[in-house]
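Participant: The listed protein sequences derive, respectively, from chains A and B. Going by this note's numbering, the final residue of the first sequence carries number 118, and the count climbs one at a time with no gaps. Going by this note's numbering, the final residue of the second sequence carries number 112, and the count climbs one at a time with no gaps.
Please keep in mind that the hints were generated in silico from the structure rather than gathered at the bench. These figures come from a predicted structure and were not determined experimentally. It is possible that part of the hints are untrue.
Claimed, not checked - Pairs of lysine to any residue, SDA-like flavour, derived with a Cα cap of 25 Å:
1. A:K41 x B:T82
2. B:K36 x A:M45
3. B:K104 x A:R37
4. B:K104 x A:F67
5. B:K104 x A:D27
6. B:K56 x A:T106
7. B:K36 x A:S43
8. B:K51 x B:P112
9. B:K104 x A:S9
10. A:K41 x B:A68
11. B:K36 x A:K64
12. A:K66 x B:S107
13. B:K104 x A:V62
14. B:K59 x A:S89
15. B:K59 x B:H12
16. B:K36 x A:S89
17. B:K70 x A:Q6
18. B:K104 x A:P86
19. A:K41 x B:V44
20. B:K36 x A:T49
21. A:K64 x B:Q3
22. B:K36 x A:F91
23. B:K104 x A:Q6
24. A:K41 x A:S73
25. A:K41 x B:K56
What the hints assert, rightly or not - Covered stretches of chain A (in silico footprint by chain B; criterion: 3 or more residues with CB under 8 Å from a CB of chain B, positions within the stretch not fixed):
26. 12–20
27. 77–87
Every residue, glycine too, gets a C-beta built ideally from N, C-alpha and C.
These are the residues of each chain, in order.
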Amino acid sequence: GAVVSQHPSRVICKSGTSVKIECRSLDFQATTMFWYRQFPKQSLMLMATSNEGSKATYEQGVEKDKFLINHASLTLSTLTVTSAHPEDSSFYICSAIPIPSGGVDTQYFGPGTRLTVL
Amino acid sequence: GQQVMQIPQYQHVQEGEDFTTYCNSSTTLSNIQWYKQRPGGHPVFLIQLVKSGEVKKQKRLTFQFGEAKKNSSLHITATQTTDVGTYFCAGSRHNSGYALNFGKGTSLLVTP
C-alpha cells in the first residue's frame, strides 16, 4: 500500500515551454503533498508544500509564478514548470502523507520525474 | 532556518564491515526520519524516531535519536552489497503534516 505515482517519468522540452508533472496517491488520500527537487548527487530540496483546496506554500527562493502548483483533489497534485530554462533541468520528486497518518509522518515518495530542458 | 547536517558525505567499506552515518540539527526536532535511496531510485522510508534517546533496530540497522533531539545516527552492522545507496536523514520541527529538511545524505559503497 501507500503508492505514489508520478507522470511523466522523463520529459525533454525546449527552452521557453511549460511542463506539467502529475503526482498521484494511488491507494490513499493526502491533504498534503510536497514537491522536492534533487540535482545530481545532491540532497532533496523542498520547493513547496501543496495543500488540497488552498494555495501552496513555497520555500524561500522558489518562484511561485514559475513553479505553479495545483492540489486539485485528495489524490492529485500537479507541478507546472513555466517558461522552462536549462537550469530548471533536475529530478523532481513529490511525496504525500496519508490521512489519517496514524501518528507517523511517513512521507511516501513518487518515483520522480527527470526534466531536461534543451 | 533549520539546517540538518549529515556526515560523512561518502563512505566506502568492504562487505562485512560496519557503517555509521551521523545527522545533526541546528534546532530541536520533533522527529527525525531516515530514508534510503538506491542509485537511480527514489527515497524509501526506513524509520521515524520521535522520543528523546530512542533507539530502534531493523535487523542489521540501528537508529538512535539523541537525548536533546538534535542528533541522530544510523549504524549498519556487517554491511552487505545490498546496503549500497544514499542514506538521508530528515528532520521536522513540527508534530505532523510538515515538510522535512533533508540532510545531504551519505553515499555508501560496499565492495565484496
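Participant: What hint numbers does the structure not satisfy?
Facilitator: 5, 8, 10, 11, 12, 14, 17, 24, 25, 26, 27
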